[in-house]
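Position chain B against the provided structure of chain A, taking the given hints into account.
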Amino acid sequence: MSTQVLTVDQSRPLVNWSKLWLLAMAGFAALSILTLLGMIIWMSLRTGVPGQPSAYTLKNYAALLGDAYTYKVMTTTLIFAAVTIAVSVPLGFIFAWFIERTDMPHKTVAMSVLSIGILFPTFLKAMGWVFLLHPRIGVINIFLMQLFGLTNAPLNIATVPGIGFVQGMTLTPLAYVMISAAMRGMNPALVEAASVHGVSKLRTLVRVELPLIWPALFSAIIWMLTVAIAAFDVPGVIGMANNIFTFSTAIYFMINPNEGLPRYGLSGAYGTIMVGVSLILMIPYFIALKQSHKYQIISGKSYQPRPVELGRWWLVAWGLLGAYFLLAFVLPLLAIFWVSLLPYVQAPSRQALSVISFERYTQIAFDSALLGAAWNTVLLMVLVPTIIVVFCSAISWIVTRSRLRWRVALDAIAFLPHPVPNLLFALAIAYLALLVSNVIPLYGTIFVLMAVYVVCWISFGTRVLNNSMIQVHRELEEAAQVGGVSTWRILLKVIVPLIKPGLIYTWIWTSLSAYRELTMAVFLASPKSQVLSTYIWGQWHGGGLGDAAAIAIVMIAVMSPLVTTFWIYARKQQHVASSAT
Amino acid sequence: MLYMMIVCVVFLHALFSTTSAHAQKLEQIIAEAKKEGEVTLVASASTFGGKKGFAELENHFAKRYGFKARLNLTGGPSFPQVAARIITEQKAGAKSSTDLYLGSDGTYVTMHQEKALQMVNWSAIFPWVTKEMEIFPQESVLVYASFHGIIYNSNSIPKDKAPKSYEDLIDPALSPTWAGKMAIPAYIHWLVRVSPIWGREKVLAFARKLAPLVGGRLRQGEEERIVSGEFPVMASTGGALEAMWKWQTKSAPLVGLPGSTPATMSYYQLAVPKNSVHPNMAKLLIALMVTRDGQSVLEKHDMRSSHLIDGTLMAKYVKANNLKLQDPKELNEVFQKADSSLDEELTKILLK
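Quick mapping for you: the protein sequence lines, in order, are chains A and B.
Using this note's numbering, the letters of the first sequence correspond one by one to residues 4 to 584.
Using this note's numbering, the letters of the second sequence correspond one by one to residues -18 to 333.
Next comes chain A alone, as it looks inside the complex:
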């Protein structure tokens, strides 16, 4: 059976509309990605603001490379990213090892504890950390100073390593997900051989397991690096007020300057350099991914590796996980809740207790702008994943089912938004929307946000759906084709039901991403396209710390049941998808 799926059959109409539609959708998506990337480079070669005539010039690169501030920002970003990796990857590894490789009790609870971390927006946790570990108002610092009679705060979150630590803590669940998948696929025979030969558990971990999952660890490191470079949440919430500027916040000030007009050209030059760096970083990432297959030599589904017996050490495992949950989730949320009850930020005391009230919460109930932001958020949570699923299905179908020559190029283009910092796409679309605002009045609307979310998360959707489609044998499709069924019907009646878990997983994951997203939204939101994250950011950045805290608590309370249900369902679908392998 070697029927070429996209070759023209003489007995059928010359124009296959359903295939053309799929090609058009995939082509449109690919073109959008390339246009936005091209826009960044184009911006970098121009001066002035969109719409102003400008000659092509390399002035922006000269200005950027000749400014000592650039190197200061780059150094800060690299230190921030290094600390982020140093915190998230080891913690992710330790938790993955406990959950995947040991007999730790209540693993499902442990997995849920880590999953919860992914669900809640990073910037909310960052707000909580300010109230916990700031050297002057951090509750933990005040407690430690009182306990040990210290004159200076022992911990300081308002430093580059400090914000790196917070970012690392928030990315730990993601690192866990990446590493645990590799651990599940690791060949346990080598570990068991070490055990038979009397090698200690620690030595086995360091000498056998670590090298085995090194490709996955390396992939996680590169991934964390790209996320940290682009992250706006933590550097924005903690860094900006404390004179700490990373790549993302520096670009934010180039586009929203306190002196003069936005410097799109300069930010374009910044962006072009970052795109180059990101693409270079992808080379070792791909090499690592390729190498990882060498280690996946599990012989069969029935093979059950013997878990490492923890004995009493399970207490340490749960102690670590509990401490993480407390620090990364419970305490920041409690701190936000506390601040939301006060007329102004104060450390817990008898005096502070006497002035707490729920006044801010009653005000929120009548805030129509907040309702508007909530509506926009829900709209994005529904429309973005739906569009992504449609476009990604078209791309993945062409990549995995067709024999088109350029399908590899299409796959590579679809993957591009993965390594490139997402805020650059936001920057490019802001520029483009301004440029064409006379012809297509989309500037400042929710559609701009929608478009950039779709473009940026296409890479995620195509990775999941490529894997799902590869698992569907061609015979089914070919049989339908022989029976004269159209491509649309084959897609809808044969392929979609088979890849349903992958589709649902993609839908839910991107929906949750739309709920959490701040980095891109903060560059694009206008009064008519406010979402919950930008609304809270506006309050926080405008000095309304208590109001921001109260809205954050309401956002978490209202959205948690929905988000958690989504997540549980997504996990189930992921299991269904993986068990079909």
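Since the hints were derived computationally from the structure, they do not count as laboratory data.
Built from N, CA and C at the ideal position, the CB exists for glycine as well.
Take every hint as true, because none was put in to throw you off.
So, partial list: chain A residues that the calculated Cβ filter (under 8 Å) puts toward chain B: (1) Gln55; (2) Arg139; (3) Ile140; (4) Ala244; (5) Asn261; (6) Leu264; (7) Gln366; (8) Gln533; (9) Gly541; (10) Gln542; (11) Gly545; (12) Gly546.
Taking lysine-lysine and the DSS-like style, the derived pairs with C-alpha atoms no more than 25 Å apart in a straight line are: (13) B:Lys72 with A:Lys531; (14) A:Lys496 with A:Lys22; (15) A:Lys62 with B:Lys333; (16) B:Lys310 with B:Lys255; (17) B:Lys145 with B:Lys305; (18) B:Lys16 with A:Lys531; (19) B:Lys333 with A:Lys75; (20) B:Lys297 with B:Lys231; (21) A:Lys531 with B:Lys32; (22) A:Lys531 with B:Lys49; (23) A:Lys75 with B:Lys162; (24) B:Lys162 with B:Lys183; (25) B:Lys112 with B:Lys305; (26) B:Lys310 with B:Lys96; (27) B:Lys6 with B:Lys49; (28) B:Lys32 with B:Lys281; (29) B:Lys76 with B:Lys16; (30) B:Lys142 with B:Lys162; (31) B:Lys32 with B:Lys15; (32) B:Lys32 with B:Lys49; (33) A:Lys531 with B:Lys255; (34) A:Lys531 with B:Lys15; (35) A:Lys531 with B:Lys33; (36) B:Lys44 with B:Lys6; (37) A:Lys531 with B:Lys76; (38) B:Lys16 with B:Lys32; (39) B:Lys329 with B:Lys190; (40) B:Lys49 with B:Lys281.
For chain B alone, kept in the frame of chain A given last:
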């Protein structure tokens, strides 16, 4: 012939549009505003009392103009950032994100120079608006005046170690209390304001000594971060006294004082960008803000007001203290003639 006709048409169109803009009557504006139905201001989330203040303004608006409309506040970037956005949108041919612009002298000079604002004959249309309130004639209207100065947390800085002027901030005998913890504004306008009093060299020398003491940068409206003790002192903010009055009503430990002698002022103005989506609603809201009703909302929530409106807090304060305030038009000239190299140098020293 064709050329002559085109010239005539263009001339007549320009003449007609100019005449109509100047001759616009309050009734016409109200009729147009009714069709628009809403207005949006992008500014700090606490502006004019935030959500609460805007709800009260809606009621005053309905009473004054005889129809209900939605007055929206969107928490957004700082004054200079909003100005930059409006100008960018205008140059790109897009509609403005905000229907009206709130800012102080420094940014208004830029808006004026960029011709970004609509010409409105405020004092001719609205009987309660005086010529004196039009800081940039037929462009902007003064909504409140503020003393520029220092704010500090009285719990973090004892009275005997507290600064009494900008110079005290860099005094080696006092500065160890706030070294590395002091916040400065995220912009350098406050020092440009002092430059006519101190001179360029003194301003630069001051900035160089200040830079190592800086621990963070805040925008106006972020006084809660001083109240909380996150930063013990903020070197300068527009509205230091008003911030103190506002927070002391909540028993918060905030002290504010003018930073220089004579005290420098900030004149906060409202105007309608040329590319405003709801220009008529914007005009009505601006005019409302300079009525006693509008000022009462400002006073209630922000303790701010205009010294040009009888009976306001600021008018009473100026009268009681027999103060002669800086002439806003002179202040505009300071910014118009501002040496751009001073701006660049100050930015390099303090903000990079």
